[in-house]
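Trainee: With chain A's structure known, arrange chain B on it following the hints.
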Amino acid sequence: MPDNYFAGYLPILIHIVLVGGLATVIISLSWLIGERKPTRAKMAPYESGMAPVGDARGRFSVQFYLVAMLFILFDVEAVFLYPWAVILRDLGHFGLWEMLVYIAIVLVGFFYVWKKGVLEWGPAAVRSQAASGLRINLRDVQSGVQVDVRFNDQRGGS
Amino acid sequence: MSVAFLPGVLQTLPQNADYVRILPEIVLSVFGMIVMVLEPLLDEKTGQKILGLIALAGALAGLAATWFMAQVPGVAFWNMIRVDGFSVFFHVLVIAIAAVVILSSYEYMAVQRIRAGEYYALILFGTVGVALMSSAVELVLIFIALEISSISSYVLAGFRRHEAASAESSLKYFLLGSFATAFFLYGVALMFGATGSTNIDLIAQALRAGPIPLLAFVAVALMFVGLGFKVAAAPFHIWTPDVYEGAPAPIVGFMSTAPKAAAFAVLLRVVFVINVHAIFWVIWIAAALSMTLGNVSAFVQDNVKRLLAYSSIAHAGYVLVAFAAAPQLGTSAVMFYTAAYAAMNLGAFAVVTHFANAGERYVTLEDYEGLGRSSPLLAATLTIFLLSLIGIPMTGGFFAKFYVFSAAVKANLIWLTIIGVLNSGVGAYYYLRIIVMMYMRESRKEIPVTPTPLALRVALAVCLVATLYLGLFPGRVLQYAQDSAQQLVPQTSPGVTSSAKVHTATETF
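Residue numbers (our numbering), protein chains in the order written: chain A, 669 to 826; chain B, 209 to 717.
There may be inaccurate statements among the hints.
Stated by the list, open to error - Selected chain B positions facing chain A (in silico; Cβ < 7 Å):
1. Leu-221
2. Ala-225
3. Met-241
4. Ile-242
To be verified - Simulated restraints, written as ranges between beta carbons of each label pair:
5. A:Leu-690 <-> B:Gln-695: 52 to 62 Å
6. A:Val-769 <-> B:Ile-446: 36 to 46 Å
7. A:Phe-742 <-> B:Trp-489: 45 to 55 Å
8. A:Phe-728 <-> B:Ser-582: 48 to 58 Å
9. A:Ile-773 <-> B:Val-666: 29 to 39 Å
10. B:Trp-489 <-> A:Glu-766: 39 to 49 Å
11. B:Tyr-227 <-> A:Lys-783: 46 to 56 Å
As the list claims (entries may be wrong) - When the alpha-carbon atoms are kept at most 20 Å apart in a straight line, the in silico SDA-like pairs for lysine to any residue are as follows:
12. B:Lys-653 <-> B:Pro-584
13. B:Lys-380 <-> B:Gly-401
14. B:Lys-257 <-> B:Arg-323
15. B:Lys-653 <-> B:Asp-510
16. B:Lys-257 <-> B:Leu-246
17. B:Lys-380 <-> B:Phe-391
18. A:Lys-783 <-> B:Val-245
19. B:Lys-618 <-> B:Val-634
20. A:Lys-783 <-> B:Leu-246
21. B:Lys-257 <-> B:Glu-355
22. A:Lys-783 <-> B:Leu-249
23. A:Lys-783 <-> B:Asp-251
24. A:Lys-783 <-> B:Pro-248
25. A:Lys-783 <-> B:Gly-293
26. A:Lys-783 <-> B:Arg-323
27. A:Lys-783 <-> B:Glu-355
28. B:Lys-618 <-> B:Leu-662
29. B:Lys-380 <-> B:Ala-390
30. A:Lys-783 <-> B:Ala-390
31. A:Lys-783 <-> B:Thr-254
32. B:Lys-257 <-> B:Val-666
33. A:Lys-783 <-> B:Leu-662
34. B:Lys-380 <-> B:Leu-349
35. A:Lys-783 <-> B:Ile-258
36. B:Lys-618 <-> B:Asp-510
37. A:Lys-783 <-> B:Ile-242
38. A:Lys-783 <-> B:Gly-578
39. A:Lys-783 <-> B:Gln-509
40. B:Lys-253 <-> A:Tyr-780
Everything labelled a hint here was simulated from the structure, so no lab data went into it.
Glycine included, each C-beta is placed from N, C-alpha and C at the ideal position.
So here's chain A without its partners, still in its complex pose (with noise of 0.2 Å):
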């Protein structure tokens, strides 16, 4: 079995020998014939585009983590696509009723984040989420301090 075994491997010892060649290439090339003009801004680390030096205790909208969230679900779900149309072909009339359920029960999570109001920015949301049990105080939002979901509100319970 172990000589089989790890022969099956060897396509992605190729593959890992052949990225890592690749990269290594473009980048020694890059480095030995591009042109480099260094400016301040050039030369700091890039983070998603965030100042890499700062506060690390900052406040901001609980908007940007429900949206990354939602980003991430439905990409996820969407990356499920790309495996079943290659072999749907072979999957036939189940394979395509399986993936509109599929599809069927994304949307209704879909329906769920719109109608919750989950999507909308500014003023207007304030009003939707509000109705919608998410409580934000409007006046953080409208002078665009910081928005927070409170737990320690006692409205519930006293």
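Mentor: Chain B in isolation, oriented as in the chain A frame:
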């Protein structure tokens, strides 16, 4: 063109019967989605009224679907699902639990002013997960089912959004729960490495073919860590009191019964694969520790929810005693115990739910003083559930313990039985303490007595009837459990070698 790339199994498409074999899961999911879609469309007041009813209808439809499922026993979806007496038993159990929890949530949602929609949908989705756990015979599918149920419970634990304790409960449960699930997944991966399969039957075949590789032992031990967390068995129980204290009371009733029953079901299936011999001492120690730690810690609790949390750890210990005697003797005892425990514990939590009132203010033992006088019926009901938790005859708890300990004695687990019986004696104290508080003390606080609404009465009646039925006429349920345990054994146990191993798997001091 790409047929060659398809694994052989994929070339046979699922038949109609395959879908019937997961009908309860389909029905529950559809009803969950209906609740999710309706939730943003209805205003809060109508939603509060209607969504719970829809969820209840969903649970009842799920029970009906289980009947259809039971008509077509067999495997489905490329040997990933098996419908047998065993999975039908747990399907009925967990869906009934969901129905009772939904019933006892009605009043709670209104009193606590929690928006109802997602709450009911999550209960249904969580039930899908636990139901699937009991019929899955493929480790990866079991993992997915485990995640479906866990993620729902993480969110449900934090549903009292305005209380810091609830957020704490949810966060702790989420962090520790994901950690435990990772253990389980690692065990699955190692098992695949050891046997080349994730299908329980194929794993059993591979393990029977030769000496069991060390990797398989490690794999089972890791899976036991993951599942031990779910059933709150010591030493993986640390999260339980904090999570139970902060989570909404009806959800604690759910968390302490349905996922536990399902995790025990998975453990049973896994235990049959590897002869218990391998992890016999692991189970032995976990059982002894759970019983002792649970009962001793419950002694000093003043919060009823925390007290019941420790009691639930202790009960997980009793069930593990039967596991040490499984597969031949303990299986039916495990099944009976999970059912009896579900009935009495759900009932106890339903009373706690009602009595807690707005903001869950009245959950300490002191608050129960004089309850026997102010609301005698409620107190009497709670007393019966507590007596059942002690294990007094005429209640389900008695026969549950009786079967567990008799299985343990038959399997020659004398020491474990002694520890267990001593523990149930010790455990009686703190249950009796609540009863004493209710009947023999005067109330020192002004605690409002609210009338019990219809939904809660139905929930309590169901639990009460189930507790007394299992205590007075345990025969039928036990017979069913024994029959389905029989079905479970021949498929994986090789007969001679297995019984030889079971003989070695007794205590040798």
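Trainee: Run every hint past the structure and note whether it holds.
Mentor: Status of the hints after comparison with the structure:
Residue-level restraint check for Leu-221 of chain B holds (minimum Cβ-Cβ distance to chain A is 5 Å; threshold 7 Å). Given the 7 Å rule on beta carbons, the hint for Ala-225 of chain B is violated: about 15 Å separates it from the nearest Cβ of chain A. Taken as an interface hint, Met-241 of chain B checks out: its beta carbon lies about 5 Å from the nearest beta carbon of chain A, inside 7 Å. Because the beta carbon of Ile-242 of chain B sits about 9 Å from the nearest beta carbon in chain A, more than 7 Å, this interface hint is broken.
Judged by the Cβ atoms, the range 52 to 62 Å given for Leu-690 of chain A and Gln-695 of chain B holds: they are separated by roughly 56 Å. For the pair Val-769 of chain A and Ile-446 of chain B, the supplied restraint of 36 to 46 Å holds, since their beta-carbon distance comes to about 41 Å. Look at Phe-742 of chain A against Trp-489 of chain B: about 48 Å separates their beta carbons, and that is inside 45 to 55 Å. Between Phe-728 of chain A and Ser-582 of chain B the beta carbons are some 51 Å apart, a value that agrees with the proposed interval 48 to 58 Å.
A beta carbon spacing of about 32 Å between Ile-773 of chain A and Val-666 of chain B agrees with the range 29 to 39 Å that was offered as a hint. Between Trp-489 of chain B and Glu-766 of chain A, the C-beta spacing of about 45 Å keeps the proposed range 39 to 49 Å intact. Between Tyr-227 of chain B and Lys-783 of chain A the beta carbons are some 30 Å apart, a value that contradicts the proposed interval 46 to 56 Å. Only pairs whose Cα atoms come within 20 Å are accepted, and Lys-653 of chain B paired with Pro-584 of chain B is accepted, the gap being roughly 17 Å.
Between the alpha carbons of Lys-380 of chain B and Gly-401 of chain B the distance comes to roughly 32 Å, so the proposed pair goes past 20 Å and is violated. For a cut-off of 20 Å, the pair hint linking Lys-257 of chain B to Arg-323 of chain B stands: about 11 Å separates their Cα positions. For the hint pairing Lys-653 of chain B with Asp-510 of chain B, the CA-to-CA distance comes to about 16 Å; that is within 20 Å, so the pair holds. Of the supplied pair hints, the one linking Lys-257 of chain B and Leu-246 of chain B holds, its CA atoms being roughly 12 Å apart against a limit of 20 Å.
In summary, the hint linking Lys-380 of chain B to Phe-391 of chain B is supported, as the alpha carbons are separated by about 17 Å, within the 20 Å threshold. For a cut-off of 20 Å, the pair hint linking Lys-783 of chain A to Val-245 of chain B stands: about 9 Å separates their Cα positions. Of the pairs offered as hints, the one joining Lys-618 of chain B and Val-634 of chain B is violated, with about 24 Å between alpha carbons and a cut-off of 20 Å exceeded. With a CA separation close to 10 Å, the supplied pair Lys-783 of chain A and Leu-246 of chain B stays within the 20 Å bound.
Between Lys-257 of chain B and Glu-355 of chain B, the direct Cα distance comes to roughly 30 Å. Violation of the 20 Å bound is thereby established for this hinted pair. For a cut-off of 20 Å, the pair hint linking Lys-783 of chain A to Leu-249 of chain B stands: about 8 Å separates their Cα positions. Taking the CA atoms of Lys-783 of chain A and Asp-251 of chain B, the gap is near 12 Å; set against the 20 Å cutoff, the hint holds. Using a Cα cut-off of 20 Å, the hinted pair Lys-783 of chain A and Pro-248 of chain B holds, with the two alpha carbons roughly 6 Å apart.
Restraint check for Lys-783 of chain A and Gly-293 of chain B: the C-alpha separation of about 42 Å exceeds 20 Å, so the hint is violated. As the CA atoms of Lys-783 of chain A and Arg-323 of chain B are separated by approximately 15 Å, the hinted pair is consistent with the 20 Å bound. Distance check on the hinted pair: Lys-783 of chain A and Glu-355 of chain B sit about 26 Å apart at the alpha-carbon level, beyond 20 Å; violated. Taking the CA atoms of Lys-618 of chain B and Leu-662 of chain B, the gap is near 45 Å; set against the 20 Å cutoff, the hint is violated.
For a cut-off of 20 Å, the pair hint linking Lys-380 of chain B to Ala-390 of chain B stands: about 15 Å separates their Cα positions. A threshold of 20 Å between alpha carbons decides the hint, and for Lys-783 of chain A with Ala-390 of chain B the separation of about 34 Å lies outside it, so the pair is violated. At most 20 Å may separate the alpha-carbon atoms for a hinted pair to count; Lys-783 of chain A and Thr-254 of chain B meet this at roughly 17 Å. Restraint check: the Cα-Cα separation between Lys-257 of chain B and Val-666 of chain B comes to about 17 Å, which is no more than 20 Å; the hinted pair holds.
For the hint linking Lys-783 of chain A to Leu-662 of chain B, the alpha-carbon distance of about 33 Å lies beyond 20 Å, and the restraint is violated. A distance of roughly 25 Å separates the Cα atoms of Lys-380 of chain B and Leu-349 of chain B; the hinted pair therefore is violated under the 20 Å criterion. For a cut-off of 20 Å, the pair hint linking Lys-783 of chain A to Ile-258 of chain B stands: about 18 Å separates their Cα positions. For the hint linking Lys-618 of chain B to Asp-510 of chain B, the alpha-carbon distance of about 38 Å lies beyond 20 Å, and the restraint is violated.
With a CA separation close to 14 Å, the supplied pair Lys-783 of chain A and Ile-242 of chain B stays within the 20 Å bound. About 48 Å separates the Cα atoms of Lys-783 of chain A and Gly-578 of chain B, which puts this hinted pair outside 20 Å; it is violated. About 44 Å separates the Cα atoms of Lys-783 of chain A and Gln-509 of chain B, which puts this hinted pair outside 20 Å; it is violated. Distance restraint check for Lys-253 of chain B and Tyr-780 of chain A: the Cα-Cα separation of roughly 19 Å lies within the 20 Å cut-off, and the hinted pair is therefore satisfied.
The structure shown violates the earlier hints numbered 2, 4, 11, 13, 19, 21, 25, 27, 28, 30, 33, 34, 36, 38, 39.
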